[in-house]
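*Asks:* Next come the chains, spelled out residue by residue.
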Amino acid sequence: MTFLDVAGVNKKFGGIAALTDCTFSIRSKEISCIVGPNGAGKTSVFNVITGFIAPDTGTIRFKGQDLTKASRHERIEAGIARTFQNLRLFEELSVMDNVMTCLASEAGNNPLTAIFRPIHTEAILRAKREKAREFIETVGLSHKADDLAKNLSYGQKKLLCVARVLATDAELLLLDEPTSGLAAAALDTMVEMIHKLKASGKSLLIVEHNTQIVRRIADEVLFFHRGTLLAQGKTEDIVSDKELGSIYFGGGH
Amino acid sequence: MNFLFSFIVLAEIFAIVAISTNLLMGVVGIFSVAQAAIMGCGAYAYAVLAAAGAPFFPAVCGAMMIAASLNLLTALPSLRLAGDYFVITSFGTQLVATAVFINWVAVTGGAAGLPGIPVAEIFGVRFVTAGEFLWISTVALALMAFSFWCLLRSPYGKLLHAIRLDEIAVSASGRKVLRAKVGVSLVSGAYAGCAGALYAVYISFIDPISFDIHVSVLVITMVVIGGARTLAGSIIGPFLLLAIPQLLTLLEISSSLVGPVRQLIFGVILIACVLWRPQGIAGRSL
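In order, the protein sequence lines correspond to chains L and V.
Under full-length UniProt numbering, think of the first position of the first sequence as 1, with each following residue one higher.
Under full-length UniProt numbering, think of the first position of the second sequence as 1, with each following residue one higher.
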C-alpha cells in the first residue's frame with residue numbers, strides 16, 4: 001500500500017531551483033533517512049510535505065489522500081507532523097505547556113468556553129495535562145515537566161521536540177536533524193528514542209547528516225543532491241556506495 | 001472623599017482597558033495603538049443605545065458587542081501580518097476612528113461631544129455619585145479580571161502565549177493561529193467596549209478627545225509600567241499613572257505647568273522602568 005508519495009515536485013526560489021522533479025515514496029512503519037550534502041534540498045522536502053512551502057508543480061499524497069493544497073493543520077490531521085532543525089520550542093513556556101499546546105485535541109482552545117465555563121475548562125485542562133504527561137514520560141523528561149523549556153539542556157530540548165511532535169498523534173513523523181549537535185550520551189538516548197518510536201508503530205522520515213547514525217537507525221536511505229533524489233535503497237547499499245560517498249564529502253559532481 | 005472615589009472609579013475603568021490591552025499586546029503580542037478608539041466605540045455605542053431608551057445592562061452588552069465586532073473588523077485584514085506591521089494598521093484605525101467621532105455629527109455630536117448621557121439605573125436603583133458608581137465599576141473590574149484569569153489559565157491561554165513566542169511552531173503543531181487571533185480580538189474588543197460604556201455612563205459626557213491617540217498611548221504606558229502578562233500589572237498601572245495627575249493638583253504649581261510636569265513624570269517613570277524593570281512592576285518575563 002502506498003504511504004507517502006511525492007511526485008514530480010519542483011520548487012524554485014527566484015532563479016534558484018530548490019527541488020527539481022523530486023519523486024519518491026516511503027513505506028509505512030519504517031525509518032527512512034534523507035541524506036545529502038548541504039543545499040541538497042533536504043529541508044525543502046520537509047517544507048513541501050508539511051505545507052511550509054507550496055511546490056510550483058507536483059503532488060504530495062499521503063495514504064491516497066491528495067495533500068498538495070492542504071493547509072498545515074489539515075496535514076497534521078491527515079497524520080504528518082514535523083520538528084525543526086532550529087527546534088522552535090516555546091522557550092518561555094514550561095515543558096508541560098509546550099507539549100499541551102501541540103495535543104491533537106482542540107478541546108479548550110476556545111475563548112468563550114474558557115470564560116463562561118471555567119469549571120468545565122479546568123477539567124479539560126487537567127485531562128490535557130494527563131495526556132501531555134504521557135508523552136513527556138515517553139521521552140523521559142518527567143522530572144523536568146514544570147521547568148521552562150529554555151532551562152533544559154540541548155539534548156533535553158531535542159527530546160522535548162520529539163514529545164511535541166508525538167503529541168500531535170501523527171502517524172508519520174518528520175524529524176529534521178534530531179541528532180545534530182548532541183554529545184555521545186544524548187545521541188545514544190536519541191537513537192534509542194527513534195527505535196522506540198518505530199517500535200510503537202510510527203513511521204519516520206529523518207534528515208540525518210551523520211552516516212554512522214544513518215547505519216544505526218535507517219531501514220532505507222534517500223540520497224538527495226541538488227534538489228533531486230539521486231538514489232534510494234537499503235542503508236548498506238547507499239552508505240557504502242563510493243560514487244555517492246564522493247558527492248557527499250565534496251569533490252564529485 | 002468623593003475626590004478619592006472618583007479617582008478609583010476612573011482607575012478601575014482604565015484597568016479594564018489595560019486588561020484588554022494586556023491580552024492583545026502582552027499575551028498574544030499584537031501591538032495595537034487603537035485601544036482608545038475601540039473604547040470610544042463602546043462609549044458612543046452606549047450613549048446612542050441609552051439615548052434610545054435601552055436600560056443599563058442591555059446597553060453595556062450592546063456596547064461590548066459593537067466594540068468587539070469593530071475590533072475584529074478593523075484587525076482582521078492585518079491579523080495575518082507579522083508582529084510590528086500591526087502597529088501601523090492599528091494606528092490607522094485610531095486616526096480613522098477619531099475622524100469619525102469628530103465628523104459623524106448626527107450620531108456623535110462631533111467635536112462638541114455628547115452630553116447628558118443618562119445615569120446608570122439597575123432595578124430602580126440609581127448610581128449617581130462616585131461613591132455609588134464605585135459599586136458598578138468594582139463589580140465590572142472583578143468580572144473582567146476573573147474572566148482574564150480564567151482565559152490565561154485555560155489551554156486557550158497557553159496557546160495565546162505560544163503564538164506570541166513562535167507562530168510558525170504553533171501552526172506546525174496543527175493549531176489554527178488565525179482563528180485564535182480572531183477570538184482574542186473579540187474578547188479584547190469586548191473588554192475595551194465595556195470600559196468605554198462605563199466611562200460614558202460615569203462621566204455622562206463623551207467627546208472625541210477622550211478617545212484619541214494620546215489615550216491609546218497612555219493605556220500602553222499603563223501596561224508597560226504595571227507589567228505585561230499579569231493581572232496585577234493591568235491594575236497597578238492605571239492606578240499609578242492616574243494617581244500622578246491627581247497628586248499634582250494637590251501641589252501648588254501653576255496650572256500651565258501641570259500638563260508638562262505630568263508628561264515629565266510619566267517619561268521619567270517609563271525610562272526608569274525600561275532601565276531597571278523592563279517587565280514592569282508586576283510583570284512576568286514569561
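If you are wondering where the hints come from, they were derived from the structure by calculation, not from laboratory data.
No experiment lies behind these values; they were computed from the predicted model shown.
Treat the hints with care, since some could be wrong.
[Said to hold, decoys possible] Cβ pair distances, simulated, as ranges:
(1) Leu-240/V - Ala-127/L: 39 to 45 Å
(2) Arg-179/V - Ser-200/L: 27 to 33 Å
(3) Leu-143/V - Asp-146/L: 27 to 33 Å
(4) Arg-133/L - Pro-278/V: 30 to 36 Å
Just so you know, even glycine gets a beta-carbon here, dropped at the ideal spot from N, CA and C.
*Asks:* Determine for every hint whether it applies to the structure shown.
*Replies:* Hint check:
1. Leu-240/V - Ala-127/L: 39 to 45 Å: holds (40 Å)
2. Arg-179/V - Ser-200/L: 27 to 33 Å: The hint (27 to 33 Å, Cβ to Cβ) holds, given that Arg-179/V and Ser-200/L are roughly 31 Å apart.
3. Leu-143/V - Asp-146/L: 27 to 33 Å: Holds: the Cβ-Cβ distance is about 30 Å, inside 27 to 33 Å.
4. Arg-133/L - Pro-278/V: 30 to 36 Å: This hint holds: roughly 34 Å between Cβ atoms.
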